[in-house]
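**Student:** Assemble the complex: chain A is given as a structure, and chain B must be docked to it using the hints.
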Amino acid sequence: MAVPAIKITNLTKDFRLGLRGVKLRAVDNLSFEVADNHVFGLLGPNGSGKSTTMKVILGLLEPTIGQCEIFGLRSDSVEARRLVGYLPESPYFYRFLTGRELVDYYASICNVPRNERAKRVADVIELVGLTAAADRRVGTYSKGMLQRIGLAQAVVHDPRLVILDEPTAGVDPIGSEAISELIIELKRRGKTVLLCSHLLAQVEGVCDDLAILNQGHLVAAGSVGELLRRDGQSNLVVENFPAAAKVEIEAVLARHGAKLRHIDEARVALDRLFLEKIGAADTHSKETQ
Amino acid sequence: MISSLRQISQIARLTFLEAVRQRFFNFLVLLGLALIGSASFFRRFDFGPQELRFIADFGLGGIVFFGSILAIVATAQLFFGEIENRTALTMLAKPVRRWAFLAGKLLGIVLLMLVFVGLLTTLLGAFLWWREQQLIDFYHQLFLAHQMPTDFPDTQRVQIGGLIMNALLQWLKFDVLAAITLLVASFSNTNLYTVVVSFFIYLICQLQYIAHDNWDKIASPFLRGLSWFLGKLFPNFQLFAVGELLVFPAKIPVPHSAIAAAIGYGLLYIAVFTTLAVGSFRSREI
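Chain order of the listed sequences is A and B. FYI, in the working numbering the residues of the first sequence are 17 to 305. FYI, in the working numbering the residues of the second sequence are 399 to 684.
Note that these hints are calculated values from the structure, not bench results. Beta carbons are placed, not taken as given, at the ideal position from N, Cα and C, and that holds for glycine. It is possible that some hints are incorrect.
As the list claims (entries may be wrong) - Where chain B lies over chain A, by a calculated footprint (3+ residues, C-beta under 8 Å):
no.: 1; stretch: 64-77
no.: 2; stretch: 91-103
no.: 3; stretch: 189-197
Same shape as in the complex, but just chain A (with noise of 0.2 Å):
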């Protein structure tokens, strides 16, 4: 059987506040798999332990109980975070350096060969798109491209896992779409990812797998699929449906023992509308350029 990419077991974390030590459990007894090659979303309301749970993978918190591998290596390990690469909730960086600066320093810091950093920092830059700005200082930069500079250099080393907390907080549905569609390359080139967010459009599209945190525990994991299934009931998109084909269908239905719930006007969801209609109003500046 293959190694999962995250495997935390009973896992709990507790934190120490004031001068009396008063004890508050972020994470109580969690245990969930990623698989390798899957992306993975990590769902929850604001204090449900998101970002507890990811800084354990990340080795930056020691759990109070339990433990957690990264492709079967201790997650507070250095070999661990060798295979993991990591883009923070609205990331900050040094804004004098400009982006290829700031993902080459990134490079050398994960040791990436030397007669390897320039291409290898030109590669992930082209990949997320930022080739025209590289060259400029990340100060300069809107909060979109800083999204995906911090994901270059999250993909510099060539990890086995990116964790993705918050890609798109602040990012305009273009840009959200942008990182959506990195996540599925990142995937394609065979990376695992887990991905944190509250745009949840956005994980039940790119996601396989998912769990979700409430105060500390683990309320729902498995396939986005299984999860969003409603047994027993189906859909069917109808094309130019007639009011009076109503009635028929219902006796059909009644003679096979099912029952009509109810008809619903087909809706385009509005994230894809906004892309549409702003690809469209694009396509026509240019045109009219």
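**Tutor:** Just chain B now, kept in the frame of chain A:
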């Protein structure tokens, strides 16, 4: 190990580049340069051959004063800048050991202090040399005109080698101070707390010679033991305060062994405080 050394040098390089861009550093450098430059106003007073000593005292005092502020404030700012901006999170999520991260930060600050001390000492040295030439000419003319019984005294001449040695000792002292600040920062939660506590420790280090001088007068063995312990815990910064003895010829010159001992003393304290900082930072939750 080689990879850790490479990481340390990279972190140090970036820390240094970040530090020299800080307004605070530039402000202190300009203030220090202006202070040394303002020593030219001493020409308005008639200090005689002693003028160079006044200029040197003034300049060395400025380097110690601004250098101490810079060592504490820059160390605290650069450390908490990484924590508050969460660049430390990005860095420590990489295959970087925490000791390498701290060592890189400290090395960056050590480089910063080298530039600071180097700049100010160069200006002070140039200024002293320029003024010395003027005074030598002036007193030589008086001597030739028989208005002075002797030429410009050799005991008032500046020893550039001594000035450089003093700069080296001050740099080392600032590095000890930076290591102390890093230790405080490794367990404290705020920049302000770190700066305030580090300044208190600096004062203790600066004034602890008083305790040393009164060692034998303490009757209680407990208090004597306690003051002995505190005397060892905090470095004695007076060991580095030999500026005038080095810059001008002294009746009893500072022996080389004493300078070597002061350098060893400083390096030992840097190693101890950095090790303690690493121990404290290892368990810190980022």
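**Student:** Which of the numbered hints are not met once you compare them with the structure shown?
**Tutor:** Violated hint: only 3; rest satisfied.
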